[in-house]
Amino acid sequence: MNALVSMSGIEKSFAGVPALSQANLEIAPGEVHALIGQNGAGKSTMIKVLTGVYDRDAGDVHLAGVPSRISTPREAQESGIATIYQELNLVPLRSVTENIIMGYEPKRLGFLVDWREGNMRAREVLMRFGIDIDVTEPLGNFSTAIQQLVAIARAVSLDAKLVIMDEPTSSLDASEVEVLFGVVRELKKQGVSVLYVSHFLDELFQICDRVTTMRDGRTVSTRNVQDTTKLEMIADMLGRNKDEIAADGLTDFAGAKAKKGDIVLRADSVSTGPRLTHFDLTLHRGEIVGLGGLLGSGRTEAARALFGVDGKRSGAIELHGVVGQPSGPGDAIVNGVGFLTEDRKAEGIIPDMSVRENMTLALLPKLASRGQIDFAREREIVQAFIDDLGIKAAHMDQPIRELSGGNQQKVLLARWLATQPDILILDEPTRGVDVGAKREIQSFIRSYVEKGFGVVLISSEFEELVEGADRIVVMHEGRSVKELTNPGVTENILVRALAHHEEGTGSWNAQ
Amino acid sequence: MLDETAFDLRKYLRRNSASVTVWIALLALILFGLMRYDNFGSAYNFSSFLNYNAMFIAIALGMCFVIMTGGIDLSVGSVAAFTSVVAAYLSPYGIQVALPGAVLAGVGFGAINAFCIIILRIPPFIATLATMLAAKGGALVISGAQTISVDWGSNFTKLGMGQAFGLFPWAIVIVAGLTLALWLVLERTTIGRTVLAIGGSEDASNLMGLKVNRAKAFVYLLSGGCAGLAGVFLASGFGAGQPLEGIGWELSAIASVVVGGTLLTGGMGSIPATVAGALLLGLVFNVLNFENGQGTISFSAYWQMVIRGGFLFAVILLQSRVIARQQKVLG
Ligand SMILES: Nc1ncnc2c1ncn2[C@@H]1O[C@H](COP(=O)(O)OP(=O)(O)OP(=O)(O)O)[C@@H](O)[C@H]1O
Ligand SMILES: [Mg+2]
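In the order they appear, the protein sequences are chains A and B. 49 is the number that my numbering gives to position 49 of the first sequence; each next residue is one higher, with no gaps. 16 is the number that my numbering gives to position 16 of the second sequence; each next residue is one higher, with no gaps.
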């Protein structure tokens, strides 16, 4: 049987730095094929070579046995390859419908776009994901999770032979991931192949048939998922012996050993609008407080309120014992609050600036004396973070847009850590970060709070919350409804606390 | 289930809050004029006002498309001057030759812009700045820096001075048709939506497999063509090709587009509101002329400019307030 896609001996360098060397990948018809590897291993680059975003320097690509002639993303789509790129490539200003049907609009008289039909189609594909939203709204009005699902919906609706998903679940919560898996299984049933990139190795066992592992631009192994273990995959990714890794353990949060200090932040029945109606929170120095909840439960809105992005309508916020909400992000920063947003593309990175500049942007006032920036000190700080967080970049003056997704995320995290805010709000800090790096980041956050800082941690990953937070505030429909205290919280307890309120039986309120 | 087909006024106003202001300002100014000046509402003032402003509307329409892709076209004023000379030279052959000839000349400049921007990858600001200088020089060269009188014997001047169906000047009819056609293109065709998608994010549009280059070429050709048409109106309205005209027209066009609520960074825009913006800009002068005619106060041409600038500023300020409030109220 001919492979649907066969890439062999792929080479690709950027400005002389190799990103891919001797990389091979084979995808059979109707299979779900996983592609894994550490941040910067070359997964996204491999995909972009296949879909014609990048030209390859050497190597062969065959589609169903015939040499591929794809040289632009458009041609890839026309050859039946639909792709969800890692950096969600949609147009936030335009409507949900447009983002789903653009390029394939239903027409009347051969040239007039039929919006009624288009809206209906968009609604239909979204229904498959259990989403019922006003599809005529601009996409940017919706959460990152919805945007990610829209990107997936677009790809799925294209009638492709191969659907490529580059970290599709990075901003989805557990129930949304389940829905996605359902869609993937359905695709497979229809004989469509899926190339699936993810850092959540557990996911692979649920839906993937085979897994190809990359390391430093090479593909090092292809295995049947049934016949392998998570440990074996990690060993391949890191190029280390699996027994060693087993001895080290995998997560490194090991929460709840904080010595609590004074209260640095308090929110008392804060409301900012319909999406955040009642929010209570107390944060001490030396403590990580998690916010748990499903999509739309108000976690991000709560963070925005604390950071002064959304003005409050009622309730009280107390910073360092002083009552008053920050009047805006600038004021929040001055008062020692930092906020790593979940949307790194729109709100975080400045693509054309270097890794160094991106990292020290918020730090500049402290680095300068009488307008003169202390460059030696700057480079020192940047280098320390690059080492501590294991950021993979050619050098610190490389434009950040050239870094892999996970490494961009680490730079953003470093930006905030560098300013040493008393209160750091982290919205999905380890999104898109590989297993090894996730662990490093987690232990870094822990050592940060141990120095006497406080962290508010938002995560869709239950594991991260349960292991990472000292306390978890459970949110539901814009309200904080319950508080769980570590040690003793398990994923099960958290899930039950969430589900409880889903069913509407719970009424306990942290007034 | 949500029903998106039902008309929802709140939703409509929120989506169009950027352009609602321009309509309100336009209506307010018209009412002001009607109440204050006797002949303001006369058929004569109405039709001569529209006739004179037809060329500015045409240019603003093309500019609107360019801006919606996130680009800019600074060459339109000079191109209009150039094509007015072309139209004047072609006028002996009649409107049926002069009109397409001049429009084609405009499209030619648009093609140069498109080539520089898409193939040579020169930023639109610089590429069209160069074309602006070239077209200006070209207009002076082919005319010898003189106004070129049109052939009064041919049917050419009908365009600017005659009436269609004995009712409206031809220029108005043509511009109205163009407005409708471009509105349809923007709202109901693939290329129109691609234009907006590019302005929203060119990278994303590329990765979505949209025909980005084709749409970009389209907007610059269109803008050139619209400038060409404006040149025809100029020549036929004033009876001569005007190589020295067109200075600052690009800025008026940009102002019309922006007042109409189109985002300067692209991705969002409105055709009718752009027309309203162009009319508003013209109407300020019209009102000031009437005011001068009253004899109580008299504004010099310079002061008129200052007043127009101040008025524009007020409208844009109001607009941004309205948008901010709408977003707050409706989330
Ligand atoms: N446009 C570019 N210019 C320069 N270097 C690049 C470019 N794109 C990718 N690279 C480099 O190529 C390497 C592989 O990057 P790639 O994005 O493929 O990694 P990845 O496996 O997808 O990682 P992640 O899990 O973080 O998304 C990285 O070292 C990255 O810095
Ligand atoms: Mg990647």
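Fair warning: there could be bad hints in the mix.
Computed list of lysine to aspartate or glutamate pairs in DMTMM-like fashion (alpha-carbon distance at most 25 Å, straight line) [to be verified]: (1) A:K107 - B:D151; (2) B:K211 - A:D55; (3) B:K11 - A:D132; (4) A:K161 - A:E186.
In short, the hints are calculated from the structure, not lab data.
Hint check results:
Our distance criterion of 25 Å between C-alpha atoms is broken by K107 (chain A) and D151 (chain B), whose separation comes to about 46 Å. Only pairs whose Cα atoms come within 25 Å are accepted, and K211 (chain B) paired with D55 (chain A) is accepted, the gap being roughly 19 Å. The hinted pair formed by K11 (chain B) and D132 (chain A) meets the criterion: a straight-line CA distance of about 17 Å does not exceed 25 Å. In summary, the hint linking K161 (chain A) to E186 (chain A) is supported, as the alpha carbons are separated by about 13 Å, within the 25 Å threshold.
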